[in-house]
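Note that the protein sequences, when read in sequence, are chains A and B. According to our numbering, the residues represented by the first sequence are 1 to 304, in order. According to our numbering, the residues represented by the second sequence are 1 to 304, in order.
Incorrect hints may have been included.
Intra- or inter-copy, both count: the list cannot distinguish identical chains.
[Stated by the list, open to error] Below, a list of computed lysine to any residue pairs in the SDA-like style, where the Cα atoms sit at most 25 Å apart:
no. : residue 1 : residue 2
1   : 116       : 138
2   : 206       : 249
3   : 248       : 78
4   : 248       : 201
5   : 39        : 16
6   : 91        : 40
7   : 116       : 297
I should point out that these hints are in silico values taken from the structure, not numbers from a laboratory.
Residues per chain, in single letters:
Protein chains: 2
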Amino acid sequence: MSGEAAYADWIAVDWGTSHLRVWAMTSDGEMRAEATSDKGMGCLTPGEFEPALLELVEPWLGAGTIEVTACGMVGSRQGWAEAPYVAVPCKPLELRAVPAKTQDRRLRLRLIPGVKQDKPADVMRGEETQIAGFLSTVPGFDGVLCLPGTHTKWAEISAGEVVSFRTFMTGELYATLSKESVLRHSVGEGWSDDAFSGAVAEALAKPEMLAARLFSIRAEGLLRGPDPDAANARLSGLLIGAELAAAKPYWLGREIVVIGADRIAKAYAEALDHQGLTAKSADGARMTRAGLTALHQRHSEPAA
Amino acid sequence: MSGEAAYADWIAVDWGTSHLRVWAMTSDGEMRAEATSDKGMGCLTPGEFEPALLELVEPWLGAGTIEVTACGMVGSRQGWAEAPYVAVPCKPLELRAVPAKTQDRRLRLRLIPGVKQDKPADVMRGEETQIAGFLSTVPGFDGVLCLPGTHTKWAEISAGEVVSFRTFMTGELYATLSKESVLRHSVGEGWSDDAFSGAVAEALAKPEMLAARLFSIRAEGLLRGPDPDAANARLSGLLIGAELAAAKPYWLGREIVVIGADRIAKAYAEALDHQGLTAKSADGARMTRAGLTALHQRHSEPAA
């Protein structure tokens, strides 16, 4: 990163509830630099978005105007400005980013809209951009994308469209149960492959037993002595297994790609593997950048 | 409550993680006075139990020794002293309370042990006393007791024994999800009978869909406008419905008594009612006192 003028041709932004990630991009979609901060949407008031962005991208700006394309919760009603949801079925690569006002004239900001589904009621913000990125890489994809996270999404993709999707609160259940519930006394930071795969299998066999099996993690710790690594893997396995049971109509007999490369994405791939399914994987941050690039370039083209 | 000497013949104590309740009892099991504090086990170090108890019962003491019989987490490893678990199958009315040391010579303390189950691993502390109380009132009971709470218990009772039991973290899931998760933006304090019964039915039909339906509470609020009362009832209904689906082997075709009379116990009774099952109900605090009385009297009898 340097202070020279117009270091970037345009700026790509991934702005979620708890994080802000920016990339200095070249016009041909290469990443020149990146920066992050913890100034997610969740901790900002409306007037604080622009300063939070400038704090990171100021060194990349020149005298002229630079295009900034952003995805994520920054486009929600509580964000910088609202980019209203687009309803499924829709083509992520044809989403129109919405212009938003800035105080600083050097910035020309556009916000990528989220995607909504009426029945069952569901929403995404940010994942649509990862899906666009994936489809820009694998244009003819027909199958299912799994996007693990705080609110894991399963999306059915056909002919370049998101046909339907479903969100599972699995990641948030894991975080609140391991930190706020009685299970915090039992669950550590470590891992056990056996405990994880056993729990996935149990949960898939009888997914309705979730609330009872969760308590058994605590009871086992009390009666058989603590095993924080196994308890952690078991909690994760019970939750992911229950999700896989519910998402079965999505993944059964389909080609599956898990978008993400962190521990949680690997856990999903491993859980699917136990079901005899080989899921491919794609890097989450790369898909976000690819999606931002595709949707940025769409706006740079002459309007139809 | 008065300051006269030996106001109580003995003292009954219900000491949980977050509360302390004491009753001044007569030798024939009548309650003369009661007092409560928020000094639950969760906020006390070992040396703080006796002062917390004396703070409430001091006015009831005379010059002589008084028997104090206590149930709940006070008998856990982190409690005043440990009263080790008794394994199922066991007769709650034959549990032997364990003597514990006190600094104050006026107190003769006994702690009622909890009950454990090896497979599946499970524990209870406090509920065994409520079950003892219920069995002292309905000695020939053969059926299922449901004890709603932070950790709801289902116990199969036959011939005066707890044959088996299972704990569900439903109450704690409700508390952490409504306060700590993204659902806190959607869930209010009010209630909707229709939303509750609809959610119970949905959960019973497809209990594995829990994590997806939880997120739909948030998505519905975003897409259709907020309805905090309905969202609250729906959250409760989804969790209780999923529990009923899992507890089906317990309640199907059995006589059911729900111990408790608060809103959550009424919700369980209502949810069972939607399944065509008429659950009887018994007051929770009264069952605790009846159990403490029965187990206190057992110790007052000459040893066999």
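Verification of the supplied hints:
1. 116 x 138: This pair counts as within: shortest intra-copy Cα distance 23 Å, inter-copy 55 Å.
2. 206 x 249: The answer is both: 16 Å in one copy and 13 Å across copies each meet 25 Å.
3. 248 x 78: neither (34 Å within a copy, 43 Å between copies)
4. 248 x 201: Both. Shortest intra-copy (14 Å) and inter-copy (21 Å) distances satisfy the 25 Å Cα cut-off.
5. 39 x 16: within (9 Å within a copy, 40 Å between copies)
6. 91 x 40: neither (27 Å within a copy, 56 Å between copies)
7. 116 x 297: within (24 Å within a copy, 63 Å between copies)
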